[in-house]
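Residue strings, one per chain:
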Amino acid sequence: MNLTGEEKRIRQLFRGLSSQELEQAPDFAAVLASANAATVRSRNRSRSWKFAMACSVLPAVLSVAMAIILQPSRPQGNDASRQASTPDSQAQEAPALGPLQARATPDVPPRKRGPRARRQRRTSDPMTIAMKTLFAWRSPTASLLKIPEDELLRSLPRLGESFQTIKSYSPDQFN
Amino acid sequence: MESAELKALLERHHASTFGWAMSCCRRDPLEAEEVLQITYLKVLEGKARFNGSASFKTWLFAVIRKTASDQRRKNLLRALLTLKVVERWTGKDLDEPPDESAYRSEIQSLFRRALARLPNRQREALELVFYHELNIQEAAAVMAVSIGSARTHYERGKKRLRQLLEESEALYESDWRRKENPATIPGVE
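Respectively, the protein sequence lines represent chains A and B.
Quick note on our numbering: the first sequence kicks off at 1 and runs consecutively.
Quick note on our numbering: the second sequence kicks off at 1 and runs consecutively.
Simulated from the structure, these hints should not be mistaken for lab results.
Predicted model, so just to flag it, every value in this text is computed and none were measured.
For each residue, glycine too, the CB sits at the ideal point set by N, CA and C.
Worth double-checking, as some hints may not be accurate.
Keeping only pairs whose Cα atoms sit at most 25 Å apart, straight-line, the calculated DSS-like set for lysine-lysine is [stated by the list, open to error]:
| # | chain 1 | residue 1 | chain 2 | residue 2 |
| --- | --- | --- | --- | --- |
| 1 | B | K158 | B | K42 |
| 2 | A | K8 | B | K159 |
| 3 | B | K42 | A | K50 |
| 4 | A | K132 | A | K146 |
| 5 | A | K50 | B | K74 |
| 6 | B | K158 | A | K8 |
| 7 | B | K47 | A | K50 |
| 8 | B | K7 | B | K57 |
| 9 | A | K8 | B | K57 |
Far from chain B by the CB rule (all over 12 Å, computed), these chain A residues [what the hints assert, rightly or not]:
| # | residue |
| --- | --- |
| 10 | L17 |
| 11 | A35 |
| 12 | A38 |
| 13 | N44 |
| 14 | S48 |
| 15 | P59 |
| 16 | V64 |
| 17 | M127 |
| 18 | T128 |
| 19 | L144 |
| 20 | L145 |
| 21 | D150 |
| 22 | L152 |
Work out the full structure, taking the sequences as your base and the hints as a guide.
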């Protein structure tokens, strides 16, 4: 590389700089040793950070889990009151539901539900309650429309059965 | 490449890599040493791999440059977080090296100051060519720019450095004259 006068001067200045800096240069072995020491230090530091994080997060997770598990079950006031008010009307209006629907409402023991199911039910409660209330409603004058032949009309005849037999069936006994 | 071989290569280039690290760290020896430590670890642990596409020195210089840049960013973030940067901005001139009094000659001191006032790319191009005696192509590889771009930085750097040196020398001379003979300067008693 052919250097001009200006470039030669710059190079000279840089040489001066270089010779000054070389005196400050640390020993290679020392740099390597301190690099290794720094690595060990940073590893230890990161390990202790991880441990501290685990120690702080674990109690929080445990407390949340305990809160979910020990959460008191929702009072079933609405369901209970509805069930308490319906037996009579159901007994009266069961024929109106028809035999198939009547069969679908036998006393089934309530299933045990976990916290997740309870949560899901809680979220859909208002809508479910509204729907149930709507379907359970019966006109107060519905009983006036009842006639003695209703049972006969609502029961399904079977082959080979006599009229007397059919008549004796009540919807609840059907099937 | 094996670890022992890498170590030998690193040791061979140690002096010049320290000079380059100093350049990347604005002549701060402590920061330069820290950057060197990180670079050596990167190389020895295989986080930075030499693939042989350039010379080992060129590749190592590029790694140092990248490491110094990352380190500067980290330090800036740390300073911002601890609000130390406010002290730095209000305290002293950033361009002024910390060990100004240690410089041997005034000319060298002026040269350092002029160098510190150059834009980064221009300073890097000049240092790689004049300090580390790389050619423009190698300098371009270290700086991660095209050869044309490196050449432009080099030429502009030379021009700017000349201007800065002339300004500094003029200031130095007038200052010297004022000290020697105050009566020669108009307006000075």
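Hints, verified against the model:
1. Only pairs whose Cα atoms come within 25 Å are accepted, and B/K158 paired with B/K42 is rejected, the gap being roughly 33 Å.
2. Pair hint A/K8 plus B/K159 holds up; C-alpha atoms about 14 Å apart against a cutoff of 25 Å.
3. For the hint pairing B/K42 with A/K50, the CA-to-CA distance comes to about 23 Å; that is within 25 Å, so the pair holds.
4. For a cut-off of 25 Å, the pair hint linking A/K132 to A/K146 stands: about 24 Å separates their Cα positions.
5. Pair hint A/K50 plus B/K74 holds up; C-alpha atoms about 21 Å apart against a cutoff of 25 Å.
6. For a cut-off of 25 Å, the pair hint linking B/K158 to A/K8 stands: about 11 Å separates their Cα positions.
7. Proposed proximity of B/K47 and A/K50 is supported: the alpha carbons are some 23 Å apart, at most 25 Å.
8. Proximity of B/K7 to B/K57 is assessed by CA-CA distance (about 13 Å); at most 25 Å being required, the pair is judged to hold.
9. At most 25 Å may separate the alpha-carbon atoms for a hinted pair to count; A/K8 and B/K57 meet this at roughly 24 Å.
10. Remark: the non-interface label on A/L17 conflicts with the geometry, its nearest Cβ contact in chain B lying 7 Å away (cut-off 12 Å).
11. Its closest Cβ contact with chain B, about 4 Å, brings A/A35 to no more than 12 Å, contrary to its assignment away from the interface.
12. At the 12 Å boundary, the C-beta of A/A38 falls inside the reach of chain B, the nearest C-beta of that chain being 6 Å off.
13. Listed as outside the interface, A/N44 is consistent with that label: its C-beta sits roughly 16 Å from the nearest C-beta of chain B, beyond the 12 Å cut-off.
14. With a least beta-carbon separation of about 20 Å from chain B, A/S48 lies farther than 12 Å from that chain, consistent with its non-interface assignment.
15. With a least CB separation of 28 Å from chain B, A/P59 remains clear of the 12 Å interface cut-off, as annotated.
16. Separation of A/V64 from chain B is adequate, the least Cβ-Cβ distance of about 31 Å exceeding the 12 Å criterion.
17. Annotated as non-interface, A/M127 keeps its C-beta farther than 12 Å from every C-beta of chain B; the closest such distance is 50 Å.
18. Residue placement check: A/T128 keeps its beta carbon more than 12 Å from all beta carbons of chain B (closest about 52 Å).
19. Its beta-carbon lying about 82 Å from the closest one in chain B, A/L144 satisfies the requirement of being farther than 12 Å from that chain.
20. At roughly 81 Å from the closest C-beta of chain B, the C-beta of A/L145 stays outside 12 Å, upholding its exclusion from the interface.
21. The beta carbon of A/D150 sits about 83 Å from the closest Cβ of chain B, which is more than 12 Å, so the claim that it is off the interface holds.
22. For A/L152, the non-interface assignment is confirmed: its Cβ lies about 88 Å from the closest Cβ of chain B, beyond the 12 Å cut-off.
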